[in-house]
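Peer 1: Here the protein sequences come in this chain order: A and B.
Take the first sequence: its letters are residues 1 to 340, numbered as in the UniProt record's numbering.
Take the second sequence: its letters are residues 1 to 340, numbered as in the UniProt record's numbering.
Be a bit skeptical, because a hint or two may be false.
[As the list claims (entries may be wrong)] Cβ pair distances, simulated, as ranges:
no.	chain 1	residue 1	chain 2	residue 2	range
1	A	Ala-55	B	Ala-13	21 to 29 Å
2	B	Ala-277	A	Thr-180	17 to 25 Å
3	A	Asp-318	B	Arg-59	32 to 40 Å
4	A	Arg-26	B	Glu-335	53 to 61 Å
[To be verified] Cβ-to-Cβ under 7 Å is the rule here; a few derived chain A residues that face chain B:
no.	residue
5	Ile-4
6	Leu-10
7	Pro-79
8	Ser-83
9	Ser-113
10	Arg-146
11	Ala-150
12	Pro-153
13	Leu-156
14	His-231
15	Leu-235
16	Asp-240
17	Met-286
18	Ile-308
[As the list claims (entries may be wrong)] Computed from the model, here is a short list of chain B residues facing chain A with C-beta under 8 Å:
no.	residue
19	Gln-18
20	Arg-67
21	Ile-69
22	Ala-302
23	Gly-309
24	Pro-314
Honestly, the hints are just simulated from the structure, not real lab data.
Here the structure is a predicted model, which is why all the values come from computation and not from measurement.
In this text, a Cβ means the ideal position worked out from N, Cα and C, and glycines have one as well.
There are 2 protein chains.
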Amino acid sequence: MSAIGLHRVLAPAGALPQAAERLDTRSELWPDEVRVRVERLNLDAASFRQLTEQAGGDREAVRATVREIIKDRGKMHNPITGSGGMLVGTVEEVGPESPLGLAKGDRIATLVSLTLTPLVVEDGLARWDGASEQVPCDGYAILFGRSIAAKLPPDLPAPLSLAVMDVCGAPALTARVVSTYAKPTVCVLGAAGKSGSLALAAARRAGAGRVIGVVPIERERAALDSAALAHEVVLADARDPVAVAAAVEQAGGPADVTIVCVDAPGCEGGAILATAAGGTVIFFSMATSFSAAALGAEGLAADLTMLIGNGYVPGHADLALDLLRTEPGVRKLFEERLAT
Amino acid sequence: MSAIGLHRVLAPAGALPQAAERLDTRSELWPDEVRVRVERLNLDAASFRQLTEQAGGDREAVRATVREIIKDRGKMHNPITGSGGMLVGTVEEVGPESPLGLAKGDRIATLVSLTLTPLVVEDGLARWDGASEQVPCDGYAILFGRSIAAKLPPDLPAPLSLAVMDVCGAPALTARVVSTYAKPTVCVLGAAGKSGSLALAAARRAGAGRVIGVVPIERERAALDSAALAHEVVLADARDPVAVAAAVEQAGGPADVTIVCVDAPGCEGGAILATAAGGTVIFFSMATSFSAAALGAEGLAADLTMLIGNGYVPGHADLALDLLRTEPGVRKLFEERLAT
């Protein structure tokens, strides 16, 4: 038995559960595990987008693919994007040695990726239409000794908590990085989305001097303007490096800290070009290409620190929920998003 | 005309040269460009490894694939790994507005990736056997206004300078990160290779308290031991996370700073597991998976800073060449490597 779940890895031998091809989904618990009755999956945005594009928008095909991935791998781990998502459920059984502090009946969200969480779907995803990242689901999942889960706060609707917790690493890491600069200019690509709006709010709280939101379409600009989270909101396609750099420049850039929250590939160049020498780029999108970022910065002779957005920062869920509760603009954007 | 070469992008429209599918390789110069007569390409290690594996070791097939990539894309940009390499050559013509300070006849190495350098091969790579990353080659390449190139130092053989400059971002960024900790324990995965040995030497100079080298085979352990660059050299397969963590632990770890210089995929988990909370992992390998790193850390609840190894740090070539000149162990490893 291992706190990180090595005993659940079926193949390849020696892999960590996240990197594994296939996990053991048996429902019997090892002593430090917890079994959760799943009610809802929340697919990673880059993964859902890729699945939808691959299926040419055929929702039934998206549904079938997700079912197959979970069945084949014993976890929801998109083989193309490498990403997963998270889940909400109710604790069904707690192993006698579990250190997670959970009790049977607790309603929780997992804060570790679905890419390492043993998962069995028992209803064939029959209640999901394949059209949304939020997947109603009956089945069970297993948490390890070192997995992280948070009890759902009683004052918020579950879908809202889930949506916030899904991206809670972004505001926490943003705050940490922004606070290392003095009144920095911060630019968020994909600023009207979940991680983007939380990152904007976190950057302001952490002492940013100027916060610039970049969005691709007028509707998002209007929504973000009315949320009043950024000093300036500009329109640009994040995949067009020259357009991004020009828009950020015009809004008071270049940025000292740029945060990439766009769930589409090809945003590395724009983020790099929009950032000043000595600045930091944080990539949160699972569609980020490591080599495009590394070679893109080198090719532009850009002296930047580039961070892989680690989804775990201590206290991340509490920070994100606090932003949701206290920033009406963030809450409005999340609620609009869930309503569509 | 653009200092970053936008005018050379044929497809897709609006892409940066690094991200582009195809570059314009016309030999006529725009006013700020430089044309270089190429004598040698140095393929990125992850790219060469991937090409060799794909060809099942068939050297003629490797040669043909490299020729085709360069012909199709107008640059050496491996579509699978996303990486390129660098080149050595002699300046053939300098545009009247070039800011690079180069003159006709200068022998130089490019310090920007081949993935963004317009390149034409004119000898069909006839002198290359497909068995080495170092590719003798006749042809020409184009440098942009903002490209970076270094004159080859007169006191060192060209292949040696080229090999050092190819990885010179690694020691520079290692030194920068190590110096932000007080006497940190530093672990280098792939420590007997080019970037690995330079990173070891740079870490010691930058104030590391303990330097641990991880290598996969006995021959490399013996070579690295005799180079005397690390306090301890341990054997482990970098793709086996549990083995890496155990080996580093035994050698005095976990590490405060872990540096990944292994050119094979699957090293993210080991690097994360071998690093202490509050530590930093720097990924230099082009075989790094962004999502495996991000989700791996999250899945292990690892509070780490993870850096994308930017190949550009001001002064990087001079620092690396200085290490080669003053650290006999580094020079010995490089010369042994070039001799095989």
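Peer 1: Let me make sure I understand: some of the numbered hints might not hold for this structure. Which ones are they, in numerical order?
Peer 2: 3, 6, 7, 11, 12, 13, 14, 15, 20, 21
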